[in-house]
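Assemble the whole structure, with the sequences as input and the hints as a guide.
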Amino acid sequence: MSAKPGYVIGVDGGGTGCRVRLSDASGRVLGEARSGPANLCSDFDRAMANVLDGVARAYAAAGLDPARRRNDTAWLGLAGAGVRELARRMEAALEDGLGFARARVSTDSETTAQGVLGDADGVLALIGTGSFFLRRQAGHDRRIGGWGYQLGDEAGGAWLGRAALRATLLAHDGLRQPSALTRALMARHGGRPDEIARFAASASPGDIAALAPEIAAARDSGDPVARAIFDRAVRLICERLDFLGAEAAGKLCLAGGLAGTYAPLLPERLAALLHPPLGDALDGATALARALQAGPRLRAGA
Numbered sequence: 094m095s096a097k098p099g100y101v102i103g104v105d106g107g108g109t110g111c112r113v114r115l116s117d118a119s120g121r122v123l124g125e126a127r128s129g130p131a132n133l134c135s136d137f138d139r140a141m142a143n144v145l146d147g148v149a150r151a152y153a154a155a156g157l158d159p160a161r162r163r164n165d166t167a168w169l170g171l172a173g174a175g176v177r178e179l180a181r182r183m184e185a186a187l188e189d190g191l192g193f194a195r196a197r198v199s200t201d202s203e204t205t206a207q208g209v210l211g212d213a214d215g216v217l218a219l220i221g222t223g224s225f226f227l228r229r230q231a232g233h234d235r236r237i238g239g240w241g242y243q244l245g246d247e248a249g250g251a252w253l254g255r256a257a258l259r260a261t262l263l264a265h266d267g268l269r270q271p272s273a274l275t276r277a278l279m280a281r282h283g284g285r286p287d288e289i290a291r292f293a294a295s296a297s298p299g300d301i302a303a304l305a306p307e308i309a310a311a312r313d314s315g316d317p318v319a320r321a322i323f324d325r326a327v328r329l330i331c332e333r334l335d336f337l338g339a340e341a342a343g344k345l346c347l348a349g350g351l352a353g354t355y356a357p358l359l360p361e362r363l364a365a366l367l368h369p370p371l372g373d374a375l376d377g378a379t380a381l382a383r384a385l386q387a388g389p390r391l392r393a394g395a
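First residue of the sequence shown? That's 94 in the numbering used here, and the numbers climb one at a time after it.
The hints are simulated quantities; they were obtained by calculation from the structure and are not laboratory data. All figures in this text were calculated on a predicted structure; none of them were measured in a lab. Do not rely on the hints blindly, as some may be mistaken.
[Claimed, not checked] Simulated restraints on C-beta separations: (1) Arg163 - Ser314: 51 to 57 Å; (2) Val176 - Asp313: 36 to 42 Å; (3) Ala153 - Ala310: 33 to 39 Å; (4) Gly192 - Leu358: 45 to 51 Å.
For glycine and all other residues, C-beta sits at the position ideal for the given N, C-alpha and C.
Put into structure tokens, the structure is as follows:
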């Protein structure tokens, strides 16, 4: 009796959540699921638990027994997977512990680039909870950023949230003029600056990024603090796109939860380069899982 054909699992995990797709070898979607955050650097054990929960839910949505995963191939694009030790640890758990036939863990930049650009050349700006910028040219990727909101992730949601909280404390100290935004943020924390500091120290990137829609709305209403934050964010985005040679590449794609917020703020010279993404990070993870299923066995960083 011949073995059942293996299925493929694609996973897109970041600071605000995890998406999982189970497909057959032809690309037909069998089941999809969502679970909690999956950033390997922020909390490895939590990321592992949420990935496993999402995978189990995807199999359940497809009406399949998870025990059959020994025939299946998984590709996970996870925030924090740039730390190779953590990526290999996750791979070992998926293959050796859970019995996937093959499992590869890469950065979310790799899966996003594949989903957004496919095999074509171009420049990608991923701006969601965090951010990174990438140029794909002749099959080679040059990535900058994506180092986490503590040290980078410029213009991402967590960066915006931290900037707004910082501005609120500066206004409290009298070093900056307050605004409707800073007053609202201070009031939300009971008028206590120490509570803002406590929140910022303990909150996850996703918790802080949850402030981004409010900051964007304040900017649209003319709030000077919000406008200053976004002006700086756009300058940082342009600096990175120019460094990667977006105009020479001739193609620019924005992706992530804040793509629609930033697109109308770009200068015309960059806005003229915008192309719609082919897909997203989950599409990229699924495509890479299918390629892995057909190709040689690889480990992250190999």
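Hint check results:
1. Arg163 - Ser314: 51 to 57 Å: holds, 55 Å
2. Val176 - Asp313: 36 to 42 Å: holds, 37 Å
3. Ala153 - Ala310: 33 to 39 Å: 37 Å Cβ-Cβ, so the 33 to 39 Å window holds.
4. Gly192 - Leu358: 45 to 51 Å: holds, 47 Å
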